[in-house]
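Novice: Got chain A sorted already, so can you dock chains B and C onto it with the hints?
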Amino acid sequence: MSPGTWIVGIVLLAILALVVRSLIKARKSGCGGSCAGCASESYCRDIRKKE
Amino acid sequence: MSVTIALVGNPNSGKTTLFNDLTGARQYVGNWPGVTVERKEGVLKHNKHVTLQDLPGVYSLSPYTEEEVITRDYLTGGSPAAIINIVDGCNIERNLYLTTQLLELGIPTVVAVNMMDVVQKCGDTIDFGKLSDALGTPVMPLSALKGDGAIAVADMAVELADKKRKRKDPHVFTGAVEHALAHIEEAITHRDNGDVHHHHAGGIVHEGTMVEPKNLRWFAVKLFERDEKVIASLKLDAKTAARIDEVVKECEAVLDDDAESIITDQRYRYIKELVGKAVYKKPRKDNLTTSDRIDRVVTNRWFGFPFFIAVMFLVYFISVTTVGAFVTDWTNDGLFGDGFFFLGRGKDAFEEAVEDYETALERQEAFIEEAKSSGLDPEAEDFLQQAKTLVAERPLEAEDGTVEGSERVTLAMYVDALASEEPEPSAFGPWVRGIPVAVEGWLENAGVATWLKQLITDGIIGGVGAVLGFVPQMFVLFFFLAILEDIGYMARVAFIMDRIFRRFGLSGKSFIPMLIGSGCSVPGIMASRTIENVRDRRMTIMTTSFIPCGAKIPIVALVAGALFGGSWWVAPTAYFVGVAAVIISGVILKKTRMFAGSTAPFVMELPAYHLPSPKNVLGSMWERGFSFIKRAGTIILQASVVLWFLKSYGVLDGRLQMVEDMDLSILAFLGNLIAPIFRPLGFGTWQSSVATTMGFVAKEEVVSVFGVLYGVGEGALDFVDASNFSRLAPIAAHFTALSGFSFLIFNLLCAPCFAAIGAIRREMNSAKWTLFAVGYLMVFAYVASFIIFQLGTLIQSGFSPIHLVAFALLFGLLFLIFRKNRYATSKEVVK
Amino acid sequence: MKTLRDVAVGQHCTVRKLHVEGAMRRRLMDMGLTKGTDIFVRKLAPLGDPMELTVRGYELSLRKEDAGKVEVE
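Protein chains in written order, with my numbering: chain A, 1 to 51; chain B, 1 to 831; chain C, 1 to 73.
So here's chain A without its partners, still in its complex pose (with noise of 0.2 Å):
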């Protein structure tokens, strides 16, 4: 494989890695899962933090 294919593939794994913490981030925020990309997530974390 070309060192383009290196990179560009993983800068996408590192993306897709990122995207899927968060998403396992908000599940556990308790906002039922789907408050990745809901308006509430930030207030999520921030009960989250008080707890």
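Hints in this document: simulated from the structure, not taken from any laboratory. Take every hint as true, because none was put in to throw you off.
Each computed DSS-like pair below joins lysine-lysine, with the alpha-carbon atoms no more than 30 Å apart:
1) B/K146 to B/K121
2) C/K17 to C/K35
3) B/K281 to C/K17
4) C/K64 to B/K591
5) B/K277 to C/K17
6) B/K168 to B/K272
7) B/K281 to C/K43
8) B/K146 to B/K615
9) B/K168 to B/K277
10) C/K17 to B/K229
11) C/K43 to B/K282
12) C/K17 to B/K272
13) B/K272 to C/K43
14) B/K820 to C/K64
15) B/K272 to B/K130
16) B/K48 to B/K163
17) C/K35 to B/K130
18) B/K272 to C/K35
19) B/K282 to C/K35
20) C/K43 to B/K121
21) B/K168 to C/K35
22) C/K17 to C/K2
23) C/K43 to C/K64
Specialist: Then chains B and C, alone, in the frame of chain A:
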């Protein structure tokens, strides 16, 4: 040091405007834990140590609605150091009712009388000194829309929070009630010591005394009113409870009324007297305000409906067909397509050139066809010589696809046509390449492998782009809806429509979600928030996605084009089926135990009209719109990657590899697994199964999957646009008119896309209810398609045993619709 | 018993008693429909229901079914 100040007030009192004034962009928006009531928190612009907590708009602190319970729990929970109570100056009597309740909480409170600009314009005057003296707390003028007085109010609240000075309670109640309250206060302070009492939801533990001294009066009044939530939270011992009951009964006997009524009545009496002293209302000439004048037309017996239809048409027309569609087309074809001309310069010339080029191609084709049919070989060296006298006929098509005469194509024209080249857009103006094209270019330059290039351009950009393409349209729609909400028209819509919707178990407020749902179910479902009653709200959420959303329209167009020759009746039928599904579901569901009970009361304020505030409108538009963009970047991104992998890879020659033929892909394998489920509905092929399944990612996928899987190409819809129905023959070959119709019905009624299911999940705030909603939609769609398809085949080809099942389902459905409502409560009893 | 639903459009009346219990009773009272309150019936919705009332200087809409539980004079 940081302090929290709570913002409390009636709905429509200008709370949001004041909140935006004071906090600017520094705010969090979210829901209260456990309920879908919006929660906003922000830091003051001019004083970063102060957090402003926006509480739900409430009329009272009664224990009956979610909003009210949240507000009181928050306030008695001890977190706010002060309260800003915003009061509508034009409607001061009812607004002060909440104020009298807030003052009992013992929290420093500043009363801000809003809409002073309107009050002054009317020539009314308010004596703030008298109000402050009587209420024992500062009362200040405010004009939130203009921003006058906002900072002064906030500073006063901070000052009060710092001083914590003891305030004089207003003398709201008469002697008999005060006497009873004093006894109750005594009973709950002098109790047996020792054990620890827990306070509910607020989470505060009170030791020694039962309640905090500053909240004493509040608890006394609530116990007097026999507020069940407060009684439960205090866990009174039997002796104290009996003592309180005795005191309350005594007072009720003296005043000859029930305790709750006594309190409410006396609050209003007190306010009426106070307002009589402190507020001077200038007598009006014709007793009509501007708002009344508008309402004379807008909710008029005869003009009400036409006006409403006109407004809805306008909103829908602008956001879906004109402005919205323009921007959406640009996003889909330009930004996420081939590209676009910057500011449209050179676009017309380019399009003309493209048309010329297409004509040239058609001429070539026609000439060669003619040559072949007269026995000439177009590949021959001396073809031009041989075809010297040949004249071909090229049919000329009008825009609607009908043939309008023909054109003679001579050799000279053919030679000309041969010379024409495909126009290059960059030669015509400032051409900006679309994202996929540009990215493909970069990736190619970087020497990236084909599979990765395809994953990024086809999979990710294609998938995410399809969703982002709808964002501009959503923004336009949200913009208009925010305006309608802000000026106060939505309440009028509910007022007009209530009569119709109540018939099938919904309320007038259910109309708005369905209307928005015709654009996209996600904001439609989100709009169900305005319905306070939980049961009505759940039912609205469940039925909103029956209304065909914008992304389902291509499915309708495709089926109509491929199977019904583009008949005009298919599209209206789709909407009719959707509306019928809503009505049938309403009737069925309201008779189930889950939705049992009397219809919810419809006691709704019709707020005075006022000019929209740009900050509110834009803020609301952005808040709702941005969540779409975020969604596209997370969930849709993941789904696109998985889907691309499934459709591009398959097992060939014993190993996993990229496959050209999608029949061999993993997706086809999975499609075949679920295909039997759809067989009784008439479309049990793997392609239909995959298309339907892909519809859950996004409904517009159904059409593009069909195009690809049936080898029509991605442009299936273009053929529909051009009425070129013969090109859709490969699709038609797999369906009969009946199975096609059944496919359409199923796809229209079944569970919406993941985005909308996510919205259902959020608004229901319960996994159980979400599951029930999705399950109900699926079963309903399946049963409807089953009945239609099977009874159709019965008529076409005679009886077979499966038709008994169809009949059983049909009768079951009719039974559910027409059975007696066992849970209907008599009219006199309202829970 | 004369109830709010019997009051003609354009007429005034005064609340005597609420013949409802629980949440609905409290809601009506919270909105200002207490004993002795003056109510002006402004109009009916285009389909004849709900009603639009003026109570304590603001506009309130109420279904006829619920208005039938408000005794007036």
